[in-house]
Amino acid sequence: MKRITVAILAVFLVSSSYSQADTTFNIWMWTTGLHQLHDGLTLKNYGFTIGVARPSIPGPTLRVKQGQKVRLDVRNQSQGAPHTIHLHGLDVNQANDGVPATSFVIPHKETKPYEFVATHAGTYLYHCHVASVLHVQLGMYGSIIVEPKDREAAPGYVYGRDFNLLMSEADKSWFDNIPRHSTGDSVHAKFSLPKYDPDYFFVNGQSQQQIDTLMARSDENVFIRLSNVGYFENLVEFPAGLTATLITSDGRPLPNKISIDSLYLTPGERYGVMLSPLGSALRTIKINYLHMFTGKQVHSEEVSFGIDETLPVNGVAQQNSIRTYPNPVQDVLTVEFSGTNATRILLVDAKGATIESDFQLNDEQLKVNVKALKPGNYVLQVYQKGKLVLSRSVVKM
Amino acid sequence: MKFIKILGILVVSLQLSQTSYASLINQNIVLNKGDLIAVDSVQIPYYAFNADTVFNQTNERLKMVIGDSLVLSVMNNTAGVQQFILANFSINRTIAAGATEQITINAQKAGIHIYSAGKAGTQIDLWGASGMLVITNQSDAGKSTFYWNLKDLESDKVRQLDSGKTVDWTNYYPDYFMVNGLGKDQLVGDVASNVKGAVGESILIMLTNTGKVNHSIHFHGYHCLAQEVSSKRVQKGSSKDTFPLEAGDGLILLLVPDKPGVYPVHDHNLIAVTGGGKYPNGIFMVLDIK
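Going line by line, the protein sequences match chains A and B.
Heads up: the first sequence is residues 1 to 397, going by my numbering.
Heads up: the second sequence is residues 1 to 290, going by my numbering.
Don't take each hint at face value.
Which stretches of chain B does chain A cover? Using the computed rule of at least three CB atoms under 8 Å from a CB of chain A, they are [stated by the list, open to error]: (1) 25-38; (2) 62-73; (3) 165-174; (4) 274-286.
These are computed hints drawn from the structure, not numbers from a lab.
All figures in this text were calculated on a predicted structure; none of them were measured in a lab.
Heads up, the beta-carbon is just placed ideally off N, CA and C, and yes, glycines get one too.
Full structure from sequences and hints, please.
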């Protein structure tokens, strides 16, 4: 009888705790990822998912509203090491900080909660804090976005649409060669590391032809959320002809809102930049990756904007994008539309000749069978009411 | 007219009250050469400015309040000719082996500055001998104050320098990352770097980067206010949890904790949390708030 009473009390406590949260995410942690790279190779990554899924890099972006009480129910299904979630920048209490020595760890096959209040609108990170240098590199990170009320990123700065660009790198040799932690390892053990010499440079886990095109209206302010969770620095160059205003950093408005044409991000920093309306020209943001010790630029990636006038004016803040995956592709290319409205899609070869145009546009996803195509470079063109709004490279293997 | 007279008296009184706090400080520092004992017990040739002729791997801190005058005697206790540079005050002295130079510094404005035994990018300041000069406001008197002087060092290059060889800095890849000349486990007993305070207390953190590479210092648990900046990348008055510091930068941060707890502060270039190729051995401090 006593046991039943205790059990009922426990269920009541758990459910009442659940009911206190305005939003709850069921996060799973894994060590079984296979992250596809732009050259067709894969990384054996660690990572986060919502529910049961194969983890990719980065983990899912968690969007919440300012003022909400947020709960993460975190399941460790890693087959190995304990993990945690550090809520980077959210100024949580010690119990929810995700540092093994001062908070708690989540052993394999256990689920534990993290809770916080989304007090300040802004861009934040989450990442594992067990053997951080290793687990972060292996992919255990993602973004948390606390959306402001009425899309006002800072007093007087209202955006129509916002985009999140999370930068990082990967040294493939670390994924291939570093001994991974097993269940019994101490989370406090010291371990040796080879030199860090990344060979892949990511924007939201993608590089080169994989990078999503950001779809926006031509007449709206665009808010760019920039974060760096890599170990290199970033130098972000904004499109010429637009006004880029630096307005927030690390989840707080900056005292001076200044016009910039480029911006440095060191590891762990976040910035918010308001772009004036894009107009009709196709624009790109260039992201340079600077060596952490020499400062030399070792790589750059570009993020393109596409224009979509059918998007709702000042619609619900969201990341509108067109994704193509896998890319490179062998058999079937998936084209995914998130909140954008294409009316015609063409696949053309490197010489501009149309390969295929008779696509059936259903919902927000299109499957293109490319099995019969010769290996090489192709271009996917997306039209809207007769106007080209996006060109995307596709590599056939 | 009467109002202007009263205002004038008030201004004079205020000025007098300010000058009444000013002090004349005499301080001696000595440039020594010795062996740095790294976090993994490896010994590395090293220079540091100390209080006397006994080598210590933590550089002396020079502290002033606005209005103070500092008469600083700098002794060169090494075998070679050395420099003493305080760039923000246009001070650059050459000091012969065994000689002492006297320098006077007047504190006119709050801020944080770097002194060193060589120009940035040249040999000796990268080899340890660089510290901080802190000038605080009179209103900061009594606040708990902590000091983080960040450094990085590639031990092989330092040994090459020590043996008289030319060093190629273009492929610099440091293997030790330190705060006040100490790595993570050594910092446990360092009262200057481990922040202890209470909820609601105003705590000052003096932060300089006297290394060669950029650092990115991330606070768990709290945002800090950038009270004074000597940096292109941080706005004065901004509230952040991650502070970039280019080589040569300095920041005075104000932390007012809103909750108790024990929280780490570390470099978020996580390679800089290593030492001797091992993790975690590098730039990693603790905030202990009651």
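Hints and how they fare:
Remark: the stretch 25-38 of chain B is not confirmed as covered by chain A, as 0 of its residues place a Cβ nearer than 8 Å to a Cβ of that chain, below the required three. Proximity of the stretch 62-73 of chain B to chain A, defined as three or more residues with a beta carbon under 8 Å from a beta carbon of that chain, is not established by the 0 residues found. Under a criterion of three residues with beta carbons nearer than 8 Å to beta carbons of chain A, the stated coverage of the stretch 165-174 of chain B is upheld, 5 such residues being counted. Using a Cβ-Cβ cut-off of 8 Å, 6 residues of the stretch 274-286 of chain B lie near chain A, which meets the minimum of three, so the contact claim holds.
Comparing the model with each earlier hint shows violations of hints 1, 2; every other hint is respected.
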